[in-house]
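Residue strings, one per chain:
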Amino acid sequence: MDTILVVVEQREGKLNRVSWETIAAGQAIAAHTGWTLEAAVVGSGVAAIAGEVAAKKVAKVYDVESARLEPYTPDAFAHALREFLGKHPAKLVLMPHTYQVRDFVPKLATALQTTAITDAIGYKYEGGKLLFTRQMFQGKFVADVSFAGSGPYFVTFQNGSFRADKVEAGTAAAPVETVNVDVPDAVVRNKPQEVFKEAKQAVDLTQAEIIVSVGRGIKEQKNIELAKQLADALGGELAASRPICDNGWLPMDRQIGSSGQTVAPKLYLALGISGAIQHIVGMKGARSVVAINKDSEAPIFEIADYAIVGNLFDIVPPLIEEIKKAKG
Amino acid sequence: MKILVCMKQVPQKDAPLKLNDAGTWIRDDVSYEVNEPDAFALEEALRQKEKHKGEVVVVTAGPARAMQVLREALAKGADRAIHLEGDAFVGLDAYNTARAIAAAIKDEKFDLIFTGLQSDDYGYAQTGVILAEILGLPHATIIMQIEKNEAGIRVKRELEAGFFQFVDMSLPAVLTIQSGINKLRYATLIGIKQAKTKPLRKVTMDEVQSAVGGNLQKIEKLHVPQKSKNTEFLEGPPAEVAKKLVEKLKNELRVI
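Top to bottom, those sequences are chains P and A.
The first sequence finishes on residue 345 if you use the numbering used here, and the numbering steps up by one all the way, no holes.
The second sequence finishes on residue 1182 if you use the numbering used here, and the numbering steps up by one all the way, no holes.
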């Protein structure tokens, strides 16, 4: 019987909650394939996290320890997991598709002469073969991808692909085994400094009930004002996709997406946003999505409740008037 | 500093894409452009060269049309280009793309190698990191700033949710560059003219074949995403559409 290993993510000794989604993915694949599900946490002094994971329905949890694993470096993490997998082979290794994971997984997979299917959003198990689905061309298509070679096969799952609340608890706590790995000094080449936040977050979009968000379709900085008027009329906050903030048209703290804020408002109104994956992951938890875009094939429409194909500059002005009227 | 920039040609952002008959790839009769993060990687390399002297070399792997990416890079100020040319490079997975590039540059010594953080077509976000591992070099990903110092470089890594981190690294090193790290320049007329005389080395698959193996991951099928939502399209002239939407906002979504 083959083994599925979920490597949960911890940062500075705290479990990253997105790891529960990966556990849910592991449990689903294990149920489908009949393979054994195990989990591992990698770090320094992270036994408490191993204990937390052991309460879930997994056969075993490994606490992979080395003082060199704190702070995080790709060299130490790849080295530690390579050594661990040498002793405890797994066929399939699952992780969340976080910035940290994408920093070391390609290195780890290459060192093992195997590959990682990154940013997967699901899987299929057909005729004894595992396929992983991932978005391509910025979400315009979805691909079924298979592994060749003997593995171990690495898969990273996009945030929100599985539901953390679907994780099954175990009937009894799973055994936890501590595995001390040797990470020699010379292995770790980078010297990371403290993690910091650029500036004080002036606006907390995570609390906003209504968000009007602008993308490249807004075309020019002066047009931001139009979106602002719409946000004001709705009593909502103004936000943007990454290119708008890169251009300095709106401050960075109004950016939605993997590198910005993750929001779940009652209404997310997307103006001229195509819906690249990095943006979608930051707003797909919205209760409702309205999208206005001139490109009828924009991926944002895939997740929209109401869609308007057209020029936002034609539609937004009468929309503001109608909202004002409706609000009296 | 001698800097290599890995660049890729991808379909234009708003190009309508269609699947081929087998459903395994897109039809290639679309417009292409340079992968956006790669353009920022090139710009950063040019800025580093302006500060610290040296050379900027650009490399791409792809069919003849991918040459356009190199031509633009040379026009913006890159010193020379390497083109791994041929359709054989199109379907390679990230591991094999990196192995082919590594083989093509085996006689060169770069202080820095840049890639964009990911491509707009496959979106693997892997080739740069794999290249680092193959070459035995340290790497850092999603870089927003690069400062050279006595010991090497200090880079600013972007983390999630607005967090950042400085990392000190020795050279040589591989960095994957985030969009927005700088402001892109345009090619000048003189630059475009000069580009025509700059050195371009072509590399065929035959030359790097021994380094490349079978793909370790295979795209079995591409399909149009299944809708997770029942999207209602509101149609009509702008004033009418606005009325319809407000009715939905009020009575269905209850947000006004």
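Take these hints with a grain of salt, some might be off.
Stated by the list, open to error - With a straight-line cut-off of 16 Å between C-alpha atoms, the simulated EDC-like cross-links for lysine to aspartate or glutamate are:
# : chain 1 : residue 1 : chain 2 : residue 2
1 : A       : LYS1176   : P       : ASP331
2 : A       : LYS928    : A       : ASP1037
3 : A       : LYS1169   : P       : ASP331
4 : A       : LYS1170   : P       : GLU226
5 : A       : LYS1176   : P       : GLU226
Said to hold, decoys possible - Here chain A is said to cover these stretches of chain P; the calculated rule only asks that three of the stretch's residues, wherever they fall, bring their Cβ under 8 Å from a Cβ of chain A:
# : segment
6 : 34-46
7 : 73-80
8 : 184-191
9 : 197-204
What the hints contain is simulated information worked out from the structure, not anything from laboratory work.
Every residue, glycine too, gets a C-beta built ideally from N, C-alpha and C.
Status of each hint after checking the structure:
{"no.": "1", "hint": "A:LYS1176 with P:ASP331", "result": "violated, 21 Å"}
{"no.": "2", "hint": "A:LYS928 with A:ASP1037", "result": "holds, 5 Å"}
{"no.": "3", "hint": "A:LYS1169 with P:ASP331", "result": "holds, 13 Å"}
{"no.": "4", "hint": "A:LYS1170 with P:GLU226", "result": "violated, 21 Å"}
{"no.": "5", "hint": "A:LYS1176 with P:GLU226", "result": "holds, 14 Å"}
{"no.": "6", "hint": "34-46", "result": "violated (count 0)"}
{"no.": "7", "hint": "73-80", "result": "violated (count 0)"}
{"no.": "8", "hint": "184-191", "result": "violated (count 0)"}
{"no.": "9", "hint": "197-204", "result": "violated (count 0)"}
The earlier numbered hints that this structure contradicts are 1, 4, 6, 7, 8 and 9.
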